[in-house]
Amino acid sequence: MNHKPKFKTREHKAFKSKTDQQPKHNYSRVAKKAGTLEGKVTIRVKGSEKQTGALSPRAPEKIRKNRNEEMKVYGENSCNAVFNQRPDSIVRLWATIAMAKKQGDLLSYLAENKKAYHIVDNEELMKVTGTEHHGGICLLVKKAKTFSLEGYLSVLKQQDCLILLDDVNNAQNIGGIIRTCAFYGVKGIITENSNIINSSNSARVAEGGLEFVRVLETKHKQIALTQLRKAGYQIIHLTHNKKTPFFFKTKIANKVVFVLSEIISNEIDYPEDTTVQLSVVNPLQSGLNVAVNSGVLLAHWYHLNRI
Numbered sequence: 001m002n003h004k005p006k007f008k009t010r011e012h013k014a015f016k017s018k019t020d021q022q023p024k025h026n027y028s029r030v031a032k033k034a035g036t037l038e039g040k041v042t043i044r045v046k047g048s049e050k051q052t053g054a055l056s057p058r059a060p061e062k063i064r065k066n067r068n069e070e071m072k073v074y075g076e077n078s079c080n081a082v083f084n085q086r087p088d089s090i091v092r093l094w095a096t097i098a099m100a101k102k103q104g105d106l107l108s109y110l111a112e113n114k115k116a117y118h119i120v121d122n123e124e125l126m127k128v129t130g131t132e133h134h135g136g137i138c139l140l141v142k143k144a145k146t147f148s149l150e151g152y153l154s155v156l157k158q159q160d161c162l163i164l165l166d167d168v169n170n171a172q173n174i175g176g177i178i179r180t181c182a183f184y185g186v187k188g189i190i191t192e193n194s195n196i197i198n199s200s201n202s203a204r205v206a207e208g209g210l211e212f213v214r215v216l217e218t219k220h221k222q223i224a225l226t227q228l229r230k231a232g233y234q235i236i237h238l239t240h241n242k243k244t245p246f247f248f249k250t251k252i253a254n255k256v257v258f259v260l261s262e263i264i265s266n267e268i269d270y271p272e273d274t275t276v277q278l279s280v281v282n283p284l285q286s287g288l289n290v291a292v293n294s295g296v297l298l299a300h301w302y303h304l305n306r307i
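Counting from 1, one number per residue, gives the positions in the sequence shown under UniProt numbering.
Don't take each hint at face value.
[Stated by the list, open to error] The list that follows gives simulated cross-link-like pairs (lysine-lysine, DSSO-like), each with its CA atoms no further than 27 Å apart: (1) LYS242 to LYS221; (2) LYS157 to LYS145; (3) LYS145 to LYS221; (4) LYS157 to LYS242; (5) LYS145 to LYS114; (6) LYS127 to LYS115; (7) LYS115 to LYS102; (8) LYS219 to LYS142; (9) LYS115 to LYS157; (10) LYS142 to LYS115; (11) LYS114 to LYS102.
No wet-lab data here; the hints were simulated from the structure.
Based on the sequences and whatever the hints tell you, model everything.
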């Protein structure tokens, strides 16, 4: 009876490891057959070199490309928004058993289109997302297209509202701003770095809002402000300076941009723009959170223009 183990022994692994470390070589040899016939053959010894071509999953260039073009989205509302708006962008899914039972349409779509999905436990999903706030589901998706501000402004608009992020880097705040923009129908957010918007944490807090707001990229804030002024937009900055006009008594133009910053200055040096304060009775030095500021500004804009 043959008792040879089905698994590889340590000796076998050690031998294989040793032979794999040998470089690849081609050896020419002459082979003789019975009689007078003879010919040349090439013997190739396989080494341990890893494939690094364009088709190899280990190729560094492919990994970098995927990181630039893809992102993870988690949370039920965020994942449902991607499925409803951009199903073709979905690359892969991870979900717990409980969440998979609620996502029949999504799983059917993935199966029909031969896209990978994995049913995992909570611990595994935490490893995939890097957070306990995954909501039981995670999608790997292609990022939505980023537009240039210059290209966006080339199309004339009679009425428009945009948000310009001025050194806003906190993912929680960015997600809250995105969600507020989607809620009030604001279609564009201007930023110097699209990656801070197209991030997993921002998308989770945005609760699906990222699918309804365009990311407008600019090389620098000052360039953006100049382009917006030339395009006829009113630019509104916030300040804590008590001498500035009260926002709710300020006339809002048909085309407006609200500049948001996590740290509001008392001295805004843009005489060609509009500078306002949100409260004349504010006793706080810090004021409101930047995401809350976006809600106050956009709610008033919505009331003036949509009701």
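Comparing the hints with the structure gives:
Proximity of LYS242 to LYS221 is assessed by CA-CA distance (about 26 Å); at most 27 Å being required, the pair is judged to hold. The hinted pair formed by LYS157 and LYS145 meets the criterion: a straight-line CA distance of about 21 Å does not exceed 27 Å. Note on LYS145 and LYS221: the hinted pairing holds, with a Cα-Cα distance of about 20 Å set against a maximum of 27 Å. Restraint check for LYS157 and LYS242: not satisfied, since their Cα atoms lie roughly 34 Å apart, outside the 27 Å limit.
For the suggested pair LYS145 and LYS114, the alpha carbons sit about 24 Å apart, so the restraint of at most 27 Å is met. For the proposed pair LYS127 and LYS115, the alpha carbon gap of about 21 Å is at most 27 Å, so the pair holds. For the proposed pair LYS115 and LYS102, the alpha carbon gap of about 18 Å is at most 27 Å, so the pair holds. The straight-line distance between the Cα atoms of LYS219 and LYS142 is roughly 23 Å, inside the 27 Å bound, and the hint therefore holds.
Between the alpha carbons of LYS115 and LYS157 the distance comes to roughly 40 Å, so the proposed pair goes past 27 Å and is violated. Our distance criterion of 27 Å between C-alpha atoms is met by LYS142 and LYS115, whose separation comes to about 13 Å. Between LYS114 and LYS102 the CA atoms are separated by roughly 20 Å; this keeps the pair inside 27 Å, and the hint holds.
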